[in-house]
Amino acid sequence: ETGVTQSPTHLIKTRGQQVTLRCSSQSGHNTVSWYQQALGQGPQFIFQYYREEENGRGNFPPRFSGLQFPNYSSELNVNALELDDSALYLCASQVQGTQYFGPGTRLTVL
Amino acid sequence: QKEVEQNSGPLSVPEGAIASLNCTYSDRVSQSFFWYRQYSGKSPELIMSIYSNGDKEDGRFTAQLNKASQYVSLLIRDSQPSDSATYLCAVMPVYDKVIFGPGTSLSVIP
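Protein chains in written order, with this note's numbering: chain A, 1 to 110; chain B, 1 to 110.
No wet-lab data here; the hints were simulated from the structure.
Predicted model, so just to flag it, every value in this text is computed and none were measured.
Think of the CB as a built atom: it goes at the ideal place given N, C-alpha and C, for glycine as much as any other residue.
Hints are supplied without guarantee of correctness; some may be wrong.
[To be verified] Partial list, derived from the structure: chain B residues whose beta carbon lies under 7 Å from chain A:
id : residue
1  : Ser-32
2  : Tyr-39
3  : Ser-43
4  : Pro-44
5  : Ile-47
6  : Ser-49
7  : Leu-88
8  : Lys-97
9  : Gly-101
10 : Pro-102
11 : Gly-103
Can you build the whole structure from these sequences, using the hints too?
Encoded structure:
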């Protein structure tokens with residue numbers, strides 16, 4: 001049990017729509033990272049937030065954006081969904097340099 | 001060259017045998033290395049972290065790190081069918097980013 005929760009578990013959207021995925025970490029865990037994992041691939045780093053500020057970003061377009069809140073929750077927003085955005089989206093809380101993952105949200109874009 | 005590479009799978013071993021999983025990375029400044037296990041449809045689960053050259057043992061698992069060769073491995077002794085999963089190698093070249101390999105699928109045959 002990592003203490004990281006994500007919602008929803010599964011989501012189906014159509015191309016062009018917008019989606020918001022949510023993550024909640026344990027109290028005191030100030031660093032959260034988001035990853036995209038396509039089928040058969042390793043997780044790809046999207047971005048990281050530390051104390052409500054973006055603290056690093058991978059090779060993802062600006063339509064991927066995020067927020068972190070004072071209550072240790074965070075959001076990943078994706079605009080103008082594309083078919084290739086279909087993936088497992090993982091949130092990870094970082095504690096002493098180690099990432100602990102939530103259960104993920106499976107997004108399907110039709 | 002990809003940043004983190006793993007031996008191509010799938011890897012099949014008989015129950016009770018030793019499974020050997022290998023990983024190479026390109027960024028010489030990397031200081032933190034992790035092995036995650038991921039069951040189908042689930043999120044990655046941390047198995048081991050290693051930071052110094054040499055071996056680190058935890059139960060049936062041994063991680064080996066050679067920074068000069070930019071190589072990290074995971075040995076699983078007395079493999080069990082429950083070890084059947086995808087194993088992800090992860091490298092942290094800088095504090096705010098973790099890079100994952102593509103994963104190696106392991107199948108332990110009873």
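For which of the previously enumerated hints does the structure constitute a violation, in increasing order of number?
The structure conflicts with hints 2, 5, although it agrees with all the remaining ones.
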